[in-house]
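Asker: One letter stands for each residue in the lines below.
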Amino acid sequence: MTDQTTKIECQNLSKIFKQRSGKVQIPVLESISLSVVENEFLVIVGPGQCGKTTLLRIIAGLETPTTGKVFLDGKEVTGPGPDRGMVFQKYTLFPWKTVMGNVEMGLKIGGMSKRQRREVASHYINLVGLQGFEKAYPHQLSGGMKQRVGIARAYANNPKVLLLDEPFGQLDAQTRYLMEQETARIWSVEKKTVIFVTNSIEEAVYLADRIVTLEGKLPGRLKSTYVVNLPRPREHIDKEFLEMRHTITKETELLL
Amino acid sequence: MNSETKLKDPLSLKIAPWVSVIGFFVVWQLLIDTEIVPRILLASPVEVGKLLIDKLTNPDPDGAVLMTHTIISLIEALLGYILALITGIPLGLLMGWFVVAEGLARPPFEMIRPIPPVAWIPLAIFWFGIGITGKVFIIWACAVVPCVINAYTGVRMANPTLIQMARTYGASDWQIFTKICIPSALPMVFGGLQIALALAWTTLVAAELIAADAGLGYLITMGRRLLRPDMIVLGMIMVGLTGWFIGNIIDRIERRLTAGLERGGAAT
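Chains as they are written, first to last, in this note's numbering: chain A, 25 to 280; chain B, 40 to 307.
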């Protein structure tokens, strides 16, 4: 289990998007209060268009909330920073850089020496199972491999919190299962505080220590919280797994 | 090329271009020999060929041998072109990313852009005379436009998610500019180089027709003044050949450079 130091604290967040004219206002999030403790794997579940990506982007500092604040280790978040590593839904790799070049990018920006960052990057390329592909370019990789690079890159930068925004949404079902297993394995090898956004309840039950669901319509509000105490590694067909999945599905208006 | 889908008989495909090219010259020669077209209006291919051989060594009547004219034109075009690259591309890149650069440079640029480069020729003569400098200025003025626009557009097309990702790593504006914007813009920049080159060459000939004391355009103008259609045609042919030649070289350079880029694919 996790220890109880609070890492991320969201206080009463709301977000209203304004159309350019300023007349139409779209409330996306409303009164979201949420905290994540150290090394916890939190999964936020909700259907499409429920504001979950916006919530993650606010925590990342890529959006500013209309009201409310986000704290990381007690300090207010005012913008993006290397203490929060993000894995995007779209494969966000530098097409002109190799796997190695992509993974070490954050470290290079941070000013680490070449030898050091090679070492760190190699470690995480191995951790995500891409050894031998260091010199490959993104267009030579499959979708699953691209997201592995994204995860390795986020890990390599050693952020305090990992933010994953539907990272496997573009993958086929088989690859998605495999990547869920891999994510759980990587997380068990190198514990991190993780906030993972998905629209799949099954994926949430497989990965999470704790699941929060968002309501299925705008503005997004927190609906329920579920603590998942199943032993790891989990099996999709275990009785408890299926019961948990069933309970959440019943209580959530998700279209699956 | 896939000849099957185009022509049933590959032999006629091989012969046809030769027939038309040879036919072209034969008809041209006959038109002059039979005086259907008077000699004062057009020179025959044979006359142009004779003049070509003569002009390799003879500077008369226009003051320079053919090689000198060609080289002067090339130097003028390349100097103006290179100046346009080293000023236009950085300016366009900066305008694409830095709001201040765009705010400062865009309005004057947009004001000057609609003026055709040829319209600068009279002022260029006032300022620089009819020597090399004036032509270099005019070439610069026309070639710099596609350099700026394409570099600007290339930066604007950089993947916004890549930029956000760099931000989450704490990248500074300058780091994002050098590490993301510039590499993303390169394919567009190369496109701009091609457009700029074609523009530079045509504008140069126009400038030389009006104000020059040497160069291929000057050779054509002198042909007009001396009522020598063979000089005019020779000048036209040299302009065409040289333009085709540089186009080929740039093509090759671009292919080699982008081959290196395409290992990574242009954009996701």
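Note that these hints are calculated values from the structure, not bench results. Hints are supplied without guarantee of correctness; some may be wrong.
[Claimed, not checked] Okay, derived cross-link-like pairs now, DSS-like style, lysine-lysine, Cα gap no bigger than 27 Å in a straight line:
hint	chain 1	residue 1	chain 2	residue 2
1	A	274	A	241
2	A	241	A	216
3	A	93	A	184
4	A	159	B	53
5	A	99	A	121
6	A	241	A	263
7	A	184	B	218
8	A	216	A	247
9	A	138	B	53
10	A	121	A	159
11	B	218	A	121
12	A	274	A	93
13	B	218	A	114
14	A	241	A	99
15	A	132	B	218
16	A	274	A	42
17	A	132	A	215
[What the hints assert, rightly or not] Residues of chain A placed beyond 10 Å of chain B at every Cβ, according to the derived structure:
hint	residue
18	116
19	129
20	240
21	251
No experiment lies behind these values; they were computed from the predicted model shown. Cβ atoms here follow ideal geometry from the backbone N, Cα and C, with glycine treated the same way.
Asker: For every hint, state whether the structure bears it out.
Answerer: Here's how the hints hold up against the structure:
| no. | hint | in the structure |
| --- | --- | --- |
| 1 | 274/A - 241/A | holds, 17 Å |
| 2 | 241/A - 216/A | violated, 31 Å |
| 3 | 93/A - 184/A | holds, 18 Å |
| 4 | 159/A - 53/B | violated, 45 Å |
| 5 | 99/A - 121/A | violated, 34 Å |
| 6 | 241/A - 263/A | violated, 31 Å |
| 7 | 184/A - 218/B | holds, 25 Å |
| 8 | 216/A - 247/A | holds, 25 Å |
| 9 | 138/A - 53/B | violated, 58 Å |
| 10 | 121/A - 159/A | holds, 9 Å |
| 11 | 218/B - 121/A | holds, 11 Å |
| 12 | 274/A - 93/A | violated, 32 Å |
| 13 | 218/B - 114/A | holds, 20 Å |
| 14 | 241/A - 99/A | violated, 31 Å |
| 15 | 132/A - 218/B | holds, 10 Å |
| 16 | 274/A - 42/A | violated, 34 Å |
| 17 | 132/A - 215/A | holds, 24 Å |
| 18 | 116 | violated, 5 Å |
| 19 | 129 | violated, 7 Å |
| 20 | 240 | holds, 26 Å |
| 21 | 251 | holds, 29 Å |
Figure legend: structure checked against the earlier numbered hints; hints not met, in rising order: 2, 4, 5, 6, 9, 12, 14, 16, 18 and 19.
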